[in-house]
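*Asks:* Each chain, written out:
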Amino acid sequence: MIKLEGISKSYRIAKRQAGLRQAAKALFHRDYTTVHALKDLSFSIQPGEIVGYIGPNGAGKSTTIKIMSGILVPDAGNCTIIGYTPWKDRARYVHNIGVVFGQRSQLWWDVPVIESFELLKDIYKIPYPDFNASLDLLIETLNLQDIVHAPVRQLSLGQRMRCEMAASLLHSPQILFLDEPTIGLDAVSKIAVRQFIKTINQEKGVTVILTTHDMNDIEALADRVLLIGKGSLLYDGRLEELRKHFGTQKTITADYKTAQQPFIIPGADLLSWSPERAVVSVDTANTNTSDVIMELSRQVDLTDISIDAKPIEETIVQLYKEYQI
Amino acid sequence: MRVYRSVLKLRLVNGLQYRTAALAGVATQFFWGFIIIMVFEAFYEHAAQHLPISLKELIQYIWLQQAFLVFVTIWFRDNELFELITSGNIAYELCRPCGLYGFWYAKLLAQRLSSAILRCFPILMVAYFLPRPYNLILPSNFETFLLFLMGLLLGLFLLVAISMFVYISVFMTMSPMGSLLVFSVLGEFFAGLVIPIPLMPDWLQKLAMVLPFRWTADFPFRVYSGHIPEQEAMIGIAIQLGYLAALIWLGRIALNGALRRVVVQGG
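So the sequences go chain by chain: A and B.
Per our numbering, the very first residue in the first sequence carries number 1; after that it's consecutive.
Per our numbering, the very first residue in the second sequence carries number 1001; after that it's consecutive.
Since the hints were made in silico from the structure, they are not lab data.
Hints may be right or wrong, so weigh each one.
Said to hold, decoys possible - On the chain A side, residues computed to face chain B include the following (Cβ under 10 Å): (1) L72; (2) G98; (3) R104; (4) V111; (5) E118; (6) L120; (7) D122; (8) I123; (9) A187; (10) S189; (11) I191; (12) Q195; (13) F196.
Stated by the list, open to error - The calculated lysine-lysine pairs, modelled on DSSO-like cross-linking and capped at a C-alpha distance of 27 Å, are: (14) K1107/B <-> K125/A; (15) K1056/B <-> K125/A; (16) K88/A <-> K1107/B; (17) K3/A <-> K88/A.
Using N, Cα and C, we set each Cβ at its ideal position, and we do this for glycine too.
Take these sequences, add in the hints, and give me the full structure.
*Replies:* Here it is in structure tokens:
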């Protein structure tokens, strides 16, 4: 359905040092540096998938989304999405996609939300029955009853984001690109947005590609993860695999009756120690957690114990380090 | 076509909200109109030679210019479009299944129309009831009026086509103010908004004649006052149509060129 082959894109950036003298110099001569936003990027996505597209800031996530939605023209490479080359057949192609940029707005600021929807209806040439049907569905699932008649400028960020989602789906696209849809939202709104993405994926079979920095989004939604760094694809696969591969570390927190001195347990690193509590980390690839607990209970008088997997955020940070991005 | 109609509608509704701005505009334009008329009156009284346009015709010209200011000035701009380009929000406009040129053209046209609707009628009406010789008079016959109306509308279309180049240039300059200044200083001067074109020296008139700007303001206003006779007005309308076609064609090419190299600003 989506196929990218060898996509490259670079930007030219004018650079200068701070200061008036440098600014004056730049009037006559400018130094440019080329930033390679994407380097030979290839992947493909099947219909009905939810793909999480992750990477640090500046990795090229948004650039990829913009290329896939026909906004930017890459320097090199091929991209075929449902039979179209996005930037060549832009007008026909975009009928099939919906895009949400979490940091931007597509709604008209000064008029009620419903007016923007009506305009989109005409832009996408949606016939009235279809428009009403999808509008009703969106209003219901996104809980918009009370806000569609309010001017956009008076909505909260969470309300606006739900409206943005609705705006991008009015024309029932097959593919939905979400560029940081949960940015700046509170926990409740985030959950609402996630729930909604899941619903449209399952019920309407919409293929979803989302970029985010919130690993909970990925955990809640994505079957598959694409990790990108410095413009190259570093990992493509299931989230669990990624975690299994990198996140084999577990931490064990043990509370016990007063002990005199730090203990040593083979196969485990002592992260912190006090007379009543200790935290050790275990690499489950080499050591069995139960062995460590057994050893612990032999050495101290345990009162409480908890085992935590390393949070996925830390895994990602570790991953970034590993790939030096 | 439907899209353009709804953009037009939405913008009109939106623009009609700003009543206070319109009222302030009307007041300013009256004040301004009077000052200019007085300046020209003094100038005419002491003119040594016969001037190519009569004071009466000039007064018609000035009131029409004040009433339809938003039809003829380039500086009347849409800051939202500038912001779209410089902030990168243009991303959304680019993933719509309609041509950006037509879409923006409709937006700009609607903005001018909605402003003009609120402003022109009070000015025209009050100017009509002013004491002579400062009043606005009706055109000499109905044909002249029709020709004026056509000329004014085509002039508006032409001006929007010209102003599209301001927006397109912002893709390269990233500075709305700079582009706007260059275009409005040159464009408005050669449209006859500062000095009516008949009062310019010959060589400047020749230059103004070959540029498209005078067809937006100078032409329709002088058709109204009868300074341009009917026969000539018809030819003029044909020239307006020619310019319009050419400018829209060029604008489309320029915009497509700009979009091919577009950089969506701000991540």
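*Asks:* Now look at each hint and say whether the structure bears it out.
*Replies:* Hints, one by one, checked against the model:
1. L72: With a closest approach of 7 Å, the L72/A hint holds.
2. G98: Since chain B brings a Cβ to about 9 Å from G98/A, closer than 10 Å, the hint holds.
3. R104: Since the shortest Cβ distance to chain B is 5 Å, the answer is holds.
4. V111: It holds, given that the least Cβ distance between V111/A and chain B is near 6 Å, below 10 Å.
5. E118: Since chain B brings a Cβ to about 7 Å from E118/A, closer than 10 Å, the hint holds.
6. L120: 8 Å, holds
7. D122: With Cβ-Cβ at 4 Å, under 10 Å, it holds.
8. I123: 5 Å, holds
9. A187: With Cβ-Cβ at 25 Å, over 10 Å, it is violated.
10. S189: 21 Å, violated
11. I191: 26 Å, violated
12. Q195: Nearest chain B Cβ about 24 Å off; hint violated.
13. F196: 20 Å, violated
14. K1107/B <-> K125/A: The given pair, whose Cα atoms are some 18 Å apart, holds under the 27 Å limit.
15. K1056/B <-> K125/A: 51 Å, violated
16. K88/A <-> K1107/B: This hinted pair holds, its Cα atoms lying about 25 Å apart.
17. K3/A <-> K88/A: 15 Å, holds
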